[in-house]
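2 protein chains.
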Amino acid sequence: MDTMGRHVIAELWECDIDKLNNMDYIERVFVNAALEAGAEVREVAFHKFAPQGVSGVVIISESHLTIHSFPEHGYASIDVYTCGDRIDPNVAADYIAHSLESKKSEVVELPRGMGEITLKPRQENVYSK
Amino acid sequence: MDTMGRHVIAELWECDIDKLNNMDYIERVFVNAALEAGAEVREVAFHKFAPQGVSGVVIISESHLTIHSFPEHGYASIDVYTCGDRIDPNVAADYIAHSLESKKSEVVELPRGMGEITLKPRQENVYSK
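Which chain is which? The protein sequence lines are F and H, in order. Mapped onto the working numbering, the consecutive letters of the first sequence carry residue numbers 3 to 131. Mapped onto the working numbering, the consecutive letters of the second sequence carry residue numbers 3 to 131.
Please keep in mind that the hints were generated in silico from the structure rather than gathered at the bench. From a predicted model like this one, the values you see are computed outputs, not experimental measurements. Please note that the accuracy of each hint is not assured.
Copies of the same chain are indistinguishable here, so a pair counts whether it falls within one copy or spans any two.
EDC-like mimics (lysine to aspartate or glutamate), calculated; alpha carbons at most 20 Å apart, straight line [claimed, not checked]:
#1 K122 - E74
#2 K122 - E111
#3 K50 - D90
#4 K50 - E108
#5 K21 - D87
#6 K122 - E108
#7 K122 - E38
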């Protein structure tokens, strides 16, 4: 298998607070996001924190999707990493952002397994002054 | 909990090939790396691929550690993401690089949960022309 991969990092703000705290919902969203992108799900592990927040991962044949949610800040920290060029990680990242009803986000993409790591902003950085 | 986090991305090359293909070893290394950094382990999920390669994650209270190994290329793709400022993700990343006997690496760090995503190279980029 080639080492080439694409790693999308999405900072999702102003999400739906109840959804950010609903582990079952997030787990379903993440599995569906992986399938939507055409990935093959291998392992699923999620954890609910007290008093709030969810962390979780879906390991796919093509790498992984992770989330850490901070309901008290309306924030979710998302990674979608896919190896190879068959799958577009942005399909899964978009599905997740939509499902969490994020109204403000920053999304960047990094190449993996190809030597130098560079940052490619995917959209206008809404946080720039 | 504050959204502030540090995300270390490590591209490890020229690793020990047998270790890259040994799921039990990698799982132990990852749990120990998390503990070494002072993190609290919450979930552990690893997967062995045929004919080779290991993917896995350790979810910690402070976010996650992931690996995707490509023994045929001597390459391991590592993420260590820690929320808050109590834990240094580089401690875990260094522990992993050492345990996999990587002889060439590129390591960068990204801020998470703080707005703009920027890249901070941690060490000289050995892949630069």
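Hints, one by one, checked against the model:
In this assembly of identical chains, the alpha carbons of K122 and E74 never lie at most 20 Å apart, being 29 Å within a copy and 28 Å across copies at closest. When the C-alpha separation of K122 and E111 is checked against a cutoff of 20 Å, the pair qualifies both within a copy, at 5 Å, and between copies, at 15 Å. In this assembly of identical chains, the alpha carbons of K50 and D90 never lie at most 20 Å apart, being 28 Å within a copy and 23 Å across copies at closest. In this homomeric assembly, K50 and E108 never come within 20 Å of each other (Cα to Cα): the closest approach is 25 Å inside a single copy and 33 Å across copies.
Neither within a single protomer nor between protomers do K21 and D87 lie at most 20 Å apart by alpha-carbon distance, with minima of 31 Å and 27 Å respectively. Proximity of K122 to E108 under the C-alpha cut-off of 20 Å is found in both arrangements, the shortest distances being 11 Å within a copy and 17 Å between copies. In this homomeric assembly, K122 and E38 never come within 20 Å of each other (Cα to Cα): the closest approach is 23 Å inside a single copy and 32 Å across copies.
Checked against the numbered hints above, the structure breaks hints 1, 3, 4, 5 and 7 and satisfies the rest.
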